[in-house]
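Peer 1: Sequence:
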Amino acid sequence: MKTQILQIYQASPEGPEAEEILRSCVHCGFCTATCPTYQELNDERDGPRGRIYLIKQLLETGQVSEKTRTHLDRCLTCRSCETTCPSGVKYGRLVDIGRGLVEEKLERPTKEKLMRWGLRKVLPYPGRFGPLMKLGQLARPLLPAQLKTKVPPKRSASPWPAQRHERVMLALAGCAQSSAAPNTNAAAARVLNRLGITLVEAPKASCCGAVSYHLSAHDEGLDFMRRNIDAWWPAIEAGCEAIVMTASGCGAMVQEYGHLLRNDPDYAEKAKRVSELTKDLSEVLLGEDLSVLKAQRGDGKVAVHCPCTLQHAMKQGGSVDKVLQAVGFTLAQTEEKHLCCGSAGTYSVLQPKMSKRLLDNKIRALTGDGPEKIVTANIGCQLHIETRSPVPVQHWIELLDT
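The sequence shown maps to residues 0 to 401 in numbering that gives the first Met the number 0.
Simulated from the structure, these hints should not be mistaken for lab results.
It is possible that some hints are incorrect.
Using 25 Å as the maximum straight-line C-alpha spacing, the simulated DSS-like pairs for lysine-lysine come out as follows [as the list claims (entries may be wrong)]:
no.	residue 1	residue 2
1	Lys336	Lys352
2	Lys1	Lys104
3	Lys372	Lys293
4	Lys336	Lys314
5	Lys133	Lys120
6	Lys293	Lys271
7	Lys133	Lys66
8	Lys314	Lys147
9	Lys336	Lys300
10	Lys110	Lys120
11	Lys293	Lys203
12	Lys147	Lys133
Construct all of the structure, not just a fragment, from the sequences and the given hints.
Peer 2: As structure tokens, then:
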């Protein structure tokens, strides 16, 4: 794709990167076949190719309209297009850059600004999100049916193992997961303990930075990243084997630290090392001898929802299925595995109508073979799917914690 980007953007840190991505696109349109919003709306501007042209127009003219922002806002950033693209277009990076520029040039209505500010000031902070969630759980019996489904059920964590091993890996407690599903990391710690690995959380590590960064508060997101690197670095220097992600949304973000902080002289090398060490829990388990985890699992089938961040960003599609099959589970047949459930971070809050349409599609795709439960690898997907699922939904590692 030929480009003529304005000098002001050519001189910016992200302009040359955006131009390189644009030039890699051959506008073949393969991406539209696997884009959830294009499939629903059949509008070129609501597919990757159309959004690429909108960002190109902004970079070449310096002008942007409300319509451009609307179509960029509708993007899930699921990155299914990246998996499909034969030219290797880094669409996820381009849309982050484009959204950031739109945010700088076009002021949002007050209601939208307040909503986004509220999400950034609550979700990444367990000390704020947790108490608010508990208030919702207390009021849950009194809420209308539609609101009741939005409040996660109460979950508690079982004890972490006391045993210590020579092999040590780090885990990220995270923000929403530590409050809404605290047993996920505890279950991971117990399963890894059976494999001779100690899992630890760094107390000062916090949100991975995805909430802020994907809401175009890039500097705020980078600050979260730097704080996590500082929190993990002593353990990394002490020989920690890996940074294990039990939420693939966080994993996808942490694997980007090296790229996003590449121009920071104080953090570039550390960020690169952190990204190299970051693995999804399923990838870690596939590298171990799983015979100790094998057991009689019963006749019920399990449906696996592979999050977009796991299959399209972390490139670990099918890894959860392989682990569960290796230890004896029977998997239900599912359809349209590549399509997003509609959670997509804060998307379900900011784009509720489209999110619901995608969720309804995903529920049908997951339940057609009559599973007794649905498992996934990302807290956002877990909470979103369970709002309409006819069967229980949980993190897949909890199945192995028996």
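Peer 1: Work down the list of hints and note, for each, if the structure agrees.
Peer 2: Consistency of the hints with the structure:
1. A threshold of 25 Å between alpha carbons decides the hint, and for Lys336 with Lys352 the separation of about 21 Å falls inside it, so the pair holds.
2. With a C-alpha separation of about 24 Å, the suggested pair Lys1 and Lys104 falls inside the 25 Å cut-off, and the hint holds.
3. Taking the CA atoms of Lys372 and Lys293, the gap is about 19 Å. The hint holds against a cut of 25 Å.
4. Distance check on the hinted pair: Lys336 and Lys314 sit about 14 Å apart at the alpha-carbon level, within 25 Å; holds.
5. For a cut-off of 25 Å, the pair hint linking Lys133 to Lys120 stands: about 17 Å separates their Cα positions.
6. With a C-alpha separation of about 36 Å, the suggested pairing of Lys293 with Lys271 is violated against the 25 Å cut-off.
7. Only pairs whose Cα atoms come within 25 Å are accepted, and Lys133 paired with Lys66 is rejected, the gap being roughly 38 Å.
8. Restraint check for Lys314 and Lys147: the C-alpha separation of about 35 Å exceeds 25 Å, so the hint is violated.
9. The suggested pairing of Lys336 with Lys300 holds, with an alpha-carbon distance near 17 Å, which does not exceed 25 Å.
10. Only pairs whose Cα atoms come within 25 Å are accepted, and Lys110 paired with Lys120 is accepted, the gap being roughly 15 Å.
11. Restraint check for Lys293 and Lys203: not satisfied, since their Cα atoms lie roughly 35 Å apart, outside the 25 Å limit.
12. Between Lys147 and Lys133, the direct Cα distance comes to roughly 13 Å. Compliance with the 25 Å bound is thereby established for this hinted pair.
Of the numbered hints stated above, those contradicted by the structure are hints 6, 7, 8 and 11, listed in ascending order.
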